[in-house]
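Can you make the complete structure from the sequences, with help from the hints?
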Amino acid sequence: MQDILVVNNLVKQFRQVRAVDGVSFSLSEGICFGLLGPNGAGKTTTIEIMEGILAPDSGSILYRGRPIDDEFKKRAGIQFQNTSLPDYLTVAETIRLFQAFYPDPRPFDEIVEICSLSDILTRDNKKLSGGQRQRLLLAIAIVPQPDIVFLDEPTTGLDPQARRNFWDLIRRIQSEGATIVLTTHYMDEAHLLCDQIAIMDHGRILEIDAPQALLDRHFDGVLVRIPLHDPQSIDFPLPEGAAIRHGALELTSTRLDETVRNLLTVGLSLDGLSVHKPTLEDLFIKLTGNTLRA
Amino acid sequence: MNSFIALFRARTLEFVRDRGTFFWNMFFPMILVFGFALALSDAGTTVFTVGLIGEPPGDFDFLSIEQIEFIRYPIHDNATVESVVERVRRHELDMVIHFDSTEFYLNSESDTAPLLRRIFEDSQTRDDGPAVFHERQISGQPIRYVDWVIPGVIGMNMLFSCLFGVGFVLVRYRKNGVLKRLKATPVSAFSFVSAQAASRLSIVFVTSTVVYAGTNALLNFSMEGSYLLLAILTLLAIVCMISIGLLFASRLRSEELAGGVMNLVSFPMIIGSGVFFSLEGAPQALQTASRFLPLTHFVEGARAIMIEGAGLSGIFTNLIALAVFSLVFIAASALVFRWD
Ligand SMILES: Nc1ncnc2c1ncn2[C@@H]1O[C@H](COP(=O)(O)OP(=O)(O)OP(=O)(O)O)[C@@H](O)[C@H]1O
Ligand SMILES: [Mg+2]
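Sequences listed follow chains G and X, in order.
For the first sequence, position 260 (counting from the first letter as 1) is numbered 260 according to the numbering used here, and the numbering increases by one without interruption.
Count along the second sequence from 1, then add 1000; that gives the number in the numbering used here.
These are calculated hints, taken from the structure and not from any lab test.
Not one of these hints is a red herring.
Computed list of lysine-lysine pairs in DSBU-like fashion (alpha-carbon distance at most 35 Å, straight line):
{"hint": "1", "chain 1": "G", "residue 1": "K126", "chain 2": "X", "residue 2": "K1175"}
{"hint": "2", "chain 1": "G", "residue 1": "K73", "chain 2": "X", "residue 2": "K1175"}
{"hint": "3", "chain 1": "G", "residue 1": "K74", "chain 2": "X", "residue 2": "K1183"}
{"hint": "4", "chain 1": "X", "residue 1": "K1183", "chain 2": "G", "residue 2": "K127"}
{"hint": "5", "chain 1": "X", "residue 1": "K1183", "chain 2": "G", "residue 2": "K73"}
{"hint": "6", "chain 1": "X", "residue 1": "K1175", "chain 2": "G", "residue 2": "K74"}
{"hint": "7", "chain 1": "G", "residue 1": "K126", "chain 2": "X", "residue 2": "K1183"}
{"hint": "8", "chain 1": "G", "residue 1": "K126", "chain 2": "G", "residue 2": "K74"}
{"hint": "9", "chain 1": "G", "residue 1": "K127", "chain 2": "X", "residue 2": "K1175"}
Output of the computed footprint for chain G on chain X, the stretches with three or more beta carbons under 8 Å from beta carbons of chain G:
{"hint": "10", "region": "1012 to 1021"}
{"hint": "11", "region": "1185 to 1199"}
Derived, one-sided and incomplete: chain G residues facing chain X with beta-carbon distance under 7 Å:
{"hint": "12", "residue": "I53"}
{"hint": "13", "residue": "I78"}
{"hint": "14", "residue": "A100"}
Model, not experiment: these values are computed from the prediction.
C-beta: ideal position from N, C-alpha, C; glycine also.
Quick look at the structure:
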């Protein structure tokens, strides 16, 4: 598949912070690309450079082989992480306002239907709930019939039901052929939606690949977790790859029965033992050493 | 063009729906004007004021009446005579006596005219001088303080409405990310800014007209000149003030700072433009400085049209000044404007 967007060695320095520090990747047309990373990792800065909102200190963005220009603006749908909507306008008026900006906007009724806005069309922007606001912001992002959509934490603040609706919506836009770039702090969401993810920290990309490929590469086997009543009481050498974290012994195992047998021989109580298949969340923590906040 | 109309509409709706600002813009100036009219309605004194042109004869009995204040105008070329007579027309003088031409002027629309005529004619019959004074009647509505101050009040309202309605709002949009959101669309900065300006121009013009019409209905201002010319002057002045607002808004990100800067600009401008009191007696430096304030040119031009009935040539310099200021401010803000 052809690359729709090529990101080449971006660098962006704010006064004391190097927010983006040499980021490169390319997006094949039609994929859903997830940018993950702890707070302050540089996701928003990267995505805003890709949108042409921020100028990088160095590096370049090519959209279909050309630098970002007016044509790109007509074809890009954008949802910022933080943004106000024009005051004193209703939801319907806001959609129509943005429709007027694009040469070939998506029909009004279609937008309303996709984003389930029909109940709040006459409501003032200022009176929307957090989730309703997210839906309106998303509606604005799809007004241009975009062929590339940038969504910065689109599901933050949505209830579980609304998040699932949002996932359907993303798949629908993707099935129309649009390429999607999103950031999220929900790892399940990233795993479910994204064909490719990049994990960032401190302005750099740590890993980039398909979610399952990343997991296969980093984890061999399953994760075993045994809560410890008194972590100090451990008087035997830890098995290789094991660590004590948050008051529990954590280790990965390719052969569970053997692992369990070994633990029993050293005399550890296996009360509360849990086993799960490694997830993106585990990978994330392994790579960035942070827990996630939504 | 589509986006211009849509932005124009959105901004105008925002103004109309923002009730607080809407009513403030409409009613504050009206209340101010009615306040002036009430507070200063009977500033009339019991003493008559009479202007004297030329040298009176030695034993002119009329001049000994103590209840009359006399103002002498020793030089009596045509221009002086005209301007002094004009003051009778405006009720600033109750009467003028011209000794060289043996004429006296009374304003037929003044309440004091009949009484002064009686007193003057009585005193003449007591004098045995040969001169017989002829009465020259003139007429003219009195110029009340409200007539004089209305352009100032409307001009001040225009200034606030333009500075805050354009400047402040753009700064707020920049701060809360609305500008950033628009930057991510194909809308150009030019069509966005011009839609804001056009919306504000219509709003301010309509509110000014409503304020004028509303107060005029009760106070019946002096209007000697053409409404068309007044409208042209007003539109140009609004454009000029909007361009000042744009200049302030082109970069600032903090509403507090923007508010401070605008107050810093508007208050000296109001004082320096002779909105509430005339600058005639003010120090020369202040008078010179006032020529560089756009508000001066609006207030001066509007007074010339309304009170003196000035035509295009009479306010031409005011129009030119406003146009030049506008161009300078617009060019400057186009140079420094930033979305973020
Ligand atoms: N305008 C700015 N001025 C100065 N520093 C900035 C600015 N914008 C971002 N930063 C800094 O750059 C770093 C990256 O910020 P960025 O917003 O890209 O993070 P993020 O990955 O989107 O975080 P989050 O998950 O919290 O949204 C942070 O340390 C932030 O403080
Ligand atoms: Mg962010």
